[in-house]
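> Add chain G to chain A, keeping to what the hints say.
Next come the chains, spelled out residue by residue.
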Amino acid sequence: MEHLVRQPRPVYRRYQAIKSALMKVLCVLFTACILSVLVLVTLYLLINGVRYLSWNIFTELPIPQGMEGAPGGLKNALIGTGILVALASAVGIPLGVLAGIHLSEYSAGSWLGTSTRFVADVLTGVPSIVVGILGYELFVVPMGNFNGYAGACALAFIMVPIVARTTEEMLRLVPNSYREASIALGATKARTILHVVLPAATGSVITGIMLAIARIAGETAPLLFTALGTRLLTLDPSQPFPSLTVQVFNYSTGPYKDQQNLAWAGMLILIALVFVLNLALRFTVHHMQRNRSVAAG
Amino acid sequence: MPELSGASPGSFGVSAKSRIRSLVRRHGVVSSDAILVGFSRLGALSIIAMLVVLLGVLTFAAWPSIETFGWKFLFTSQWRPNELSVPVHDAAGKVVIENGEVVTETMPPVFGALPVIYGTAVSSLLALLFAIPLSFGTALFLVRVSPRWLASPVSFLVEFLAAIPSIAYGMWGLFVLAPFLQHYGEPAIRTCTSWIPGVETWLFTETATRAGQTVTRTLPLTGRDMFCGGLILGIMILPIITAISRDVLKSVPRAQIEGTLALGATWWQSAREMLSYSRAALFGAVMLGLARAAGETMAITMVIGNKIQIHPSPFAPAQTMASLLANEFAEASSELHRAALTEVALILLVMSLLFNIIARRLVVGSDSRTAAAH
Chain A
1 MEHLVRQPRP VYRRYQAIKS ALMKVLCVLF TACILSVLVL VTLYLLINGV RYLSWNIFTE
61 LPIPQGMEGA PGGLKNALIG TGILVALASA VGIPLGVLAG IHLSEYSAGS WLGTSTRFVA
121 DVLTGVPSIV VGILGYELFV VPMGNFNGYA GACALAFIMV PIVARTTEEM LRLVPNSYRE
181 ASIALGATKA RTILHVVLPA ATGSVITGIM LAIARIAGET APLLFTALGT RLLTLDPSQP
241 FPSLTVQVFN YSTGPYKDQQ NLAWAGMLIL IALVFVLNLA LRFTVHHMQR NRSVAAG
Chain G
1 MPELSGASPG SFGVSAKSRI RSLVRRHGVV SSDAILVGFS RLGALSIIAM LVVLLGVLTF
61 AAWPSIETFG WKFLFTSQWR PNELSVPVHD AAGKVVIENG EVVTETMPPV FGALPVIYGT
121 AVSSLLALLF AIPLSFGTAL FLVRVSPRWL ASPVSFLVEF LAAIPSIAYG MWGLFVLAPF
181 LQHYGEPAIR TCTSWIPGVE TWLFTETATR AGQTVTRTLP LTGRDMFCGG LILGIMILPI
241 ITAISRDVLK SVPRAQIEGT LALGATWWQS AREMLSYSRA ALFGAVMLGL ARAAGETMAI
301 TMVIGNKIQI HPSPFAPAQT MASLLANEFA EASSELHRAA LTEVALILLV MSLLFNIIAR
361 RLVVGSDSRT AAAH
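These protein sequence lines map, in sequence, to chains A and G.
Reading the first sequence from the start, the letters are residues 1 to 297 in my numbering.
Reading the second sequence from the start, the letters are residues 1 to 374 in my numbering.
Incorrect hints may have been included.
These stretches of chain G come out as covered by chain A in the derived footprint (C-beta under 8 Å, 3 or more residues) [said to hold, decoys possible]:
| no. | stretch |
| --- | --- |
| 1 | 53 to 59 |
| 2 | 162 to 172 |
| 3 | 266 to 275 |
| 4 | 284 to 297 |
| 5 | 318 to 328 |
Covered stretches of chain G, as calculated for chain A (at least 3 residues, CB under 8 Å) [to be verified]:
| no. | stretch |
| --- | --- |
| 6 | 36 to 42 |
| 7 | 212 to 218 |
These aren't lab readings, by the way, just hints derived from the structure by calculation.
These numbers come from a predicted model, not from an experiment.
Virtual Cβ for every residue (Gly too), placed ideally from N, Cα, C.
So here's chain G without its partners, still in its complex pose:
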């Protein structure tokens, strides 16, 4: 944030600096200044070191998996932590039987992160779908509609949503939202969409292979699924997108708004002008929300159903990268399993770093306090 470092209130004039220096020299008290400079620089350096250590350690710990699976890790969808015995098939596709026993071979554990990457992507996008209209609408309300006495408490309440611990949302999702979706929400959606051909099959059926046969059956609705996860994530990223886009909209020059009104624009036309004037920063706000949604762990673990699969329906249980880690890491069965999980964490980290870097570049110019507080 260049504009901050440029005009820091801590920057003393050159003359003042040299004067302090001469004072220090005269009284021979070099120590206190030098000590504080040294220690505070240590603090600053430790922050940079933290990021380096984080990246270094995760890469090191994930190395066995990176070495074993390479790029395939990102594009394959089998996640099997344990060895598996399968019957050997001969060239004709028949099971080989020797001495009256089925010959089996042992398949090593395989790890492919595609289902969890898919889960993270879809749940985060669903979250954005819920959160963007609500957040931008509220930001516009706070900046252009609300009277002053109302804007401040509303802002506080929205920001308080951000401070509620993730596990609280998880509990609420698990005990309130999921049962509601299971008994009312999802059956209602089903009834409403049943007249559209194909939707029923897409949203509410699953195909399973049992005993070599493929069966299509109705999806059991548990309420704990991708949709519920997306909703909870959406609620959780509302405050950050709202707070930042409010600050961004506030910083639109007054002349810009007055200009549109002078040209005879209606309220909405001028509001749209504001939105398009600050579209880069608003995009940044959305990116920050996306990063938050992708890394969110506890709430999503409690409501997404925890099933590693790629299912086209949002009403099927799924798994995200973060929830996979929460579920499996503490009880990882082998070194390779742990390394594969660490690689998932590394992907998550790199992704969130990228989102954050892009977002913060875009949001430069908005209130940095809000950005820091979130």
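One chain only, chain A, in its complex shape:
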């Protein structure tokens, strides 16, 4: 029997063992490399942002170079981004949530469900600059000037597929027994969805929505040819509209040191928002998944 099992030569085996150990070390190194890039990027943003952060940023308008008090603050940009995101959400959230409900609750095996899911996934991969051009053609050309509505619509376009897919995933995490119990009690399907399934998933659906909001709040490219941006404080979305990201872009690519510093601080505000929302999403999903496994077990 022994002659059938040919033992590999020891040298070869040792070579393989060393190679394996090396590759393992390499994997650890690569991970360390990615993490150090993350640390490098965030630390730099953090340090610079904190250094230039001040109350003036929230309370003052930008002041042109050369005038007293320059560069001022980012009040208009912060308000502008707030309004743009609110407008985009007003369109994007209802559409997205409804589509999500359809995908999760009504679409089992249907043609519409499968293709909507596919299209939504593909849409999340569409370059945001292309969406900006769509906004330009649909809203800026007919209205004759760059305006906030166009920017908000471009942002809503980015938001809808994300909200739809996260809502779907969150509703799927609601245990099926909830639905069965509700129907056993004689509720209609609409009632089951609105009064049982959605409330059970509210927390996580909202976190998913917040994540989409964080994503669009950080978008710059779709606003370049739609809202365009302005140094003034404006509340009228039919005019060129300021936004934090575009202002940060203009300042950081501009020649003035003061404005670049302001850009760092603006960036920090954005990153902080994104970080908090991500952390929140992670905790809710974790919580939901644990609940689900408890309910299933």
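Same frame as chain A, but now just chain G:
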């Protein structure tokens, strides 16, 4: 994703369905159900409509350019938005002079997208070159090496990289990475490679035509070039490739791994087996990263140098499709210019749709939440 739609938790049994229906009929409350079905279907249809509108509007807006340039648009490399007066040459190649003045003719604007297509392709490939080994290595670490308590925070941190807005990477690239490359990175590469013949000319010189003469000179290193762009893109696509390949590797059947180990495979041999077992899905992950890199706009606009040219050296400034749009669209000089830019956007869109469709076909079976979140 067929396996999702097949076993949806929302699908009620047939008997339950008919029971609800009978309940609805008995109480005469058709409305609430019908309304929700109607509205939610509207939401779903609007998503499909969005894609149709996007393709339709862009094609319509790009039509003047498509009509004027045809396929030539993809294969010519002249991008000149403004009219140009050039001296007329006679048959002998001499400048024609009439009444003591040089006769000029006006050349219409020309648009050819080859340089930006080249820029997008090369910067995305550079990004993949940086990102693939790092991502696959990290994915293997998370699945096969890391203890459980470590895997979760590392995953979170890597995914957080994906959530940082593109403009933040742009700022970091512009103020940190580019100056570093300019002063240390690129001179170091130059010193290290100077002993290889030909490399110096390839990487660090450019030829320019000035006053009819061709001169070769040293490439001015600014740090804002194709290489820097590729690096930034690489960092930006790390998280998506890592997250998806981690999920893909996780879904390799346990028996497959145990089988290799039982046959006496070392850790690396069995890891390689895992990689080759899920190679289709890993390829899909790479495609998604590629699509992301090709469409990335703000960061690349800030670091690539914004010069429309095809230069063989990665240390020369370049332009990608997305950065061209960011730079020129808002100030387009004519209708044709705008149409040409829209055609570039259309090419970018079609490309990213193709990449995404192929990728998602390949990644089917991995965790769909990650795919959706990215």
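> Taking the numbered hints from earlier one at a time, note which ones the structure violates and give those numbers from smallest to largest.
Hint check: 7 fails alone, others pass.
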